[in-house]
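A.B. asks: The primary structure of each chain is shown beneath.
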Amino acid sequence: MKPEKKSVPMRQQPVDERIHNFDEVPLGYSEDESLSEAFRCLQCVNKPCVNGCPVRVNIPDFIKALREKNFQKAVDIIRETDMLPCVTGRVCPQEEQCQAFCVLNRMGAEPISIGRLERFLGDWALAHKKKQEDIRVTDIKSNSKNQKVAVVGSGPAGLTCAAELIKKGYAVTVFEGFHKLGGVMVYGIPEFRLPKEIVADEISVLKDLGVQFITNVLIGRTLTIEDLFKKGFNAVFIGAGAGLPNFMGIPGEHLNGVYSANEFLTRVNLMKAYKFPEYHTPVKRGERVVVIGGGNVAMDSARTAKRLGANHVYLVYRRSEQEMPAREEEIVRAKEEGIEFYFLTNPVKYTGDENGFVKQAVCVKMQLGEPDASGRRSSHTVQGSEFTIDVDEVIVAIGNTPNPILRITTPGLKTKKRGEIEADENGKTSLSGVFAGGDIVTGAATVITAMGAGKRAAAAIDEYLRG
Amino acid sequence: MIAILDKYPLAPRVYCMILDAPLIAAKAQAGQFVIVRAAEKGERIPLTIADYDREKGTVTLVFQETGKTTRLLASLSQQGTLLDLLGPQGNPTEIERFGNTVVIGGGIGVAPVFPLARALREYGNTVTAIVGFRSREYVFWEEKMARVSNRLIMTTNDGSYGVQGFVTDALKVLLNSGETIDRVFAIGPALMMKAVAEATKEKNIKTIVSLNSLMVCGMGMCGACRVTVEGVTRFTCMDGPDFDAHQVDFDVLIKRLETYTCEECRE
Chain A
1 MKPEKKSVPM
11 RQQPVDERIH
21 NFDEVPLGYS
31 EDESLSEAFR
41 CLQCVNKPCV
51 NGCPVRVNIP
61 DFIKALREKN
71 FQKAVDIIRE
81 TDMLPCVTGR
91 VCPQEEQCQA
101 FCVLNRMGAE
111 PISIGRLERF
121 LGDWALAHKK
131 KQEDIRVTDI
141 KSNSKNQKVA
151 VVGSGPAGLT
161 CAAELIKKGY
171 AVTVFEGFHK
181 LGGVMVYGIP
191 EFRLPKEIVA
201 DEISVLKDLG
211 VQFITNVLIG
221 RTLTIEDLFK
231 KGFNAVFIGA
241 GAGLPNFMGI
251 PGEHLNGVYS
261 ANEFLTRVNL
271 MKAYKFPEYH
281 TPVKRGERVV
291 VIGGGNVAMD
301 SARTAKRLGA
311 NHVYLVYRRS
321 EQEMPAREEE
331 IVRAKEEGIE
341 FYFLTNPVKY
351 TGDENGFVKQ
361 AVCVKMQLGE
371 PDASGRRSSH
381 TVQGSEFTID
391 VDEVIVAIGN
401 TPNPILRITT
411 PGLKTKKRGE
421 IEADENGKTS
431 LSGVFAGGDI
441 VTGAATVITA
451 MGAGKRAAAA
461 IDEYLRG
Chain B
1 MIAILDKYPL
11 APRVYCMILD
21 APLIAAKAQA
31 GQFVIVRAAE
41 KGERIPLTIA
51 DYDREKGTVT
61 LVFQETGKTT
71 RLLASLSQQG
81 TLLDLLGPQG
91 NPTEIERFGN
101 TVVIGGGIGV
111 APVFPLARAL
121 REYGNTVTAI
131 VGFRSREYVF
141 WEEKMARVSN
151 RLIMTTNDGS
161 YGVQGFVTDA
171 LKVLLNSGET
181 IDRVFAIGPA
191 LMMKAVAEAT
201 KEKNIKTIVS
211 LNSLMVCGMG
221 MCGACRVTVE
231 GVTRFTCMDG
241 PDFDAHQVDF
251 DVLIKRLETY
261 TCEECRE
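Residue numbers (the numbering used here), protein chains in the order written: chain A, 1 to 467; chain B, 1 to 267.
It is possible that some hints are incorrect.
Think about it this way: if two alpha-carbon atoms lie no more than 27 angstroms apart in a straight line, the pair counts; the simulated DSSO-like pairs of lysine-lysine are [what the hints assert, rightly or not]:
| # | chain 1 | residue 1 | chain 2 | residue 2 |
| --- | --- | --- | --- | --- |
| 1 | A | Lys180 | A | Lys196 |
| 2 | B | Lys144 | A | Lys180 |
| 3 | B | Lys56 | A | Lys272 |
| 4 | A | Lys231 | B | Lys41 |
Label pairs and their calculated CB-CB ranges [claimed, not checked]:
| # | chain 1 | residue 1 | chain 2 | residue 2 | range |
| --- | --- | --- | --- | --- | --- |
| 5 | A | Gly375 | B | Thr66 | 46 to 54 angstroms |
| 6 | B | Glu55 | A | Ser432 | 47 to 55 angstroms |
| 7 | B | Gly124 | A | Ala200 | 48 to 56 angstroms |
| 8 | A | His380 | B | Ala3 | 27 to 35 angstroms |
| 9 | B | Asp53 | A | Lys230 | 19 to 27 angstroms |
| 10 | A | Lys230 | B | Lys41 | 46 to 54 angstroms |
| 11 | B | Glu40 | A | Glu328 | 35 to 43 angstroms |
| 12 | A | Gly375 | B | Ala3 | 37 to 45 angstroms |
No wet-lab data here; the hints were simulated from the structure.
Heads up, the beta-carbon is just placed ideally off N, CA and C, and yes, glycines get one too.
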């Protein structure tokens, strides 16, 4: 029987409603929709989709279990490699990963919506979560040596490393500098893409498995890595994430109302400034907002500014649409929500009023040239193309460099030119017993690549501790 | 949750709070700060560490009721709890044997000046402390400051206690006295630190200030605390909070401190 060419569509919040709230936009599959989609799967023997997954989720097997309505088994299969299916089902760029490898692509059909199925199962698991004994984890090994591992950072890399290590029988403590767990999943990704309650629920699964979490401890300040070893930890995994936001270094970036995307999103997502004054952290609600950048963070910033009530949100990006690194579905949703795109445009300065609040963004047009070292086409200013946009808020979403705190306070920890911790493909650093993965090693990337790094590092730590 | 071991007023709307925070007490040094949260829906705010006791495992904060969170802190009961406390943040003040030093504390800035003066004395420096308050009723920690300085000059704006005038007036007297001053430290309102910087710049005396930028994360990932120092963007929580006073763009700092005045009024 030939499979349906089209993937089962997923219901979304209508545009005119969703720009006024922070609720999730994609509404998830129902059980029937999931089953319909699951039955499109050809159950390929050689599993090409698995090759596309950074943590190698056993996709055909979980889909098979789903088709049998054995949802718990499907969840268990996913959790063998991915302990955060509610997160990855929502935020992974599946169209570049598992779904890109689906054979249906070559048959003139849409690939299986693997992400949507994973999300359905992840959400099902949280809704049906009862007590610890229901969390079935295969092959828990007993840790006869009673070894302890410290994990720095409760973002995707740290959580995945912790999950893998607890399953291998080690005692694990995760240290987090913020007052809430989740890293970029709570401060960076907006509520309307990844509800924070879901992140907390996924993390509570890890707590049920025995992972210890300590918030308000910044490793590098409250305790150093050396302190961790003195306290009896046998190994350390650093998943501290990205840090200092990049600014362009152009005049006016210090003006009030000019934010780094990190600050803007942290205020809104982590500190819930969209509920000010009920929540005490304020954020500027600009009427005319300019967002600089072309990645997912820029899309998140623009869509958030819209929801805060902006009449105009302008996305300014120095290259063309084809070069934008953001997920296509985020770009589509941003356009639907009325974000206005200024491609081949770059700001050169901001001007402010007498109180120091930003009022104009002076920009120039760009043109594309030859590919640069990264393979993307470089962009050059078009002479005499200056123009001005009236603004009352600017959000600079052009990436960040790794947090320097660990580099400064850990003698012997080798770092690269921009501060990334030097680590091999398994996370081994220049210090014995210290491993690292995620954005702190690679620079800003994705939740799933961080998870993959956390997983590989856990295996390396296990090997290291076995001696 | 952090236990509040003691809490009492030092002056109108100024409170001292002693917290059970052994990890922070073990590491804290003069010049560092903590990030505090007082309620579930509360903001994160920076407060300088006014004192610490490594043996007892306590940290002392002194704060003034100026906004939502400090008012909330003021309302906490003496045996209450703080929700979140992160520290010690920021770089410790660089302390060496400089020689003859002057430390200047303006109002609430007097609190972090105390551990600074103490550390300078421990390193063999001569310390002249100039501390200024609005009027007599706002004076606090006079005895504490006297214990850690060789010479203590008290000033009040209205002359109701000590010398009449601003701290900078007393500083200028000292600067013009011909005494060799090796380093000056100033902590207090931005305008005060700016005035100190202008006074010492003429005399070419190295001056260190502790900037009171607004913060959100306090750990180097958001950039809320950015300041312009010698034309370059720096982060108060990562590169500071101490900076060379003659390189700081105080006008930018002062304007940035006003970013949320509108929102603050609304509540």
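A.B. asks: Take the hints in turn and mark each one as holding or not.
C.D. replies: Verification of the supplied hints:
As the CA atoms of Lys180(A) and Lys196(A) are separated by approximately 10 angstroms, the hinted pair is consistent with the 27 angstroms bound. For the proposed pair Lys144(B) and Lys180(A), the alpha carbon gap of about 37 angstroms is over 27 angstroms, so the pair is violated. The suggested pairing of Lys56(B) with Lys272(A) is violated, with an alpha-carbon distance near 36 angstroms, which exceeds 27 angstroms. The suggested pairing of Lys231(A) with Lys41(B) is violated, with an alpha-carbon distance near 33 angstroms, which exceeds 27 angstroms.
The hint said 46 to 54 angstroms for the Cβ distance between Gly375(A) and Thr66(B), and at roughly 52 angstroms that hint holds. At roughly 33 angstroms, the beta carbons of Glu55(B) and Ser432(A) sit outside the given window of 47 to 55 angstroms. At about 52 angstroms, the CB distance of Gly124(B) to Ala200(A) agrees with the hint of 48 to 56 angstroms. In this structure the hint that His380(A) and Ala3(B) lie 27 to 35 angstroms apart at CB is violated, the actual value being about 60 angstroms.
Between Asp53(B) and Lys230(A) the CB atoms are about 21 angstroms apart, so this pair conforms to the stated range of 19 to 27 angstroms. Against the hinted window of 46 to 54 angstroms, the Cβ-Cβ separation of Lys230(A) and Lys41(B) comes to about 37 angstroms, which falls outside the hint. Glu40(B) and Glu328(A) have their C-beta atoms about 38 angstroms apart, which keeps the hinted 35 to 43 angstroms range intact. Take Gly375(A) and Ala3(B): their Cβ atoms lie about 56 angstroms apart, and the range 37 to 45 angstroms is violated.
In the structure shown, a violation is registered for the earlier hints numbered 2, 3, 4, 6, 8, 10 and 12, in ascending order.
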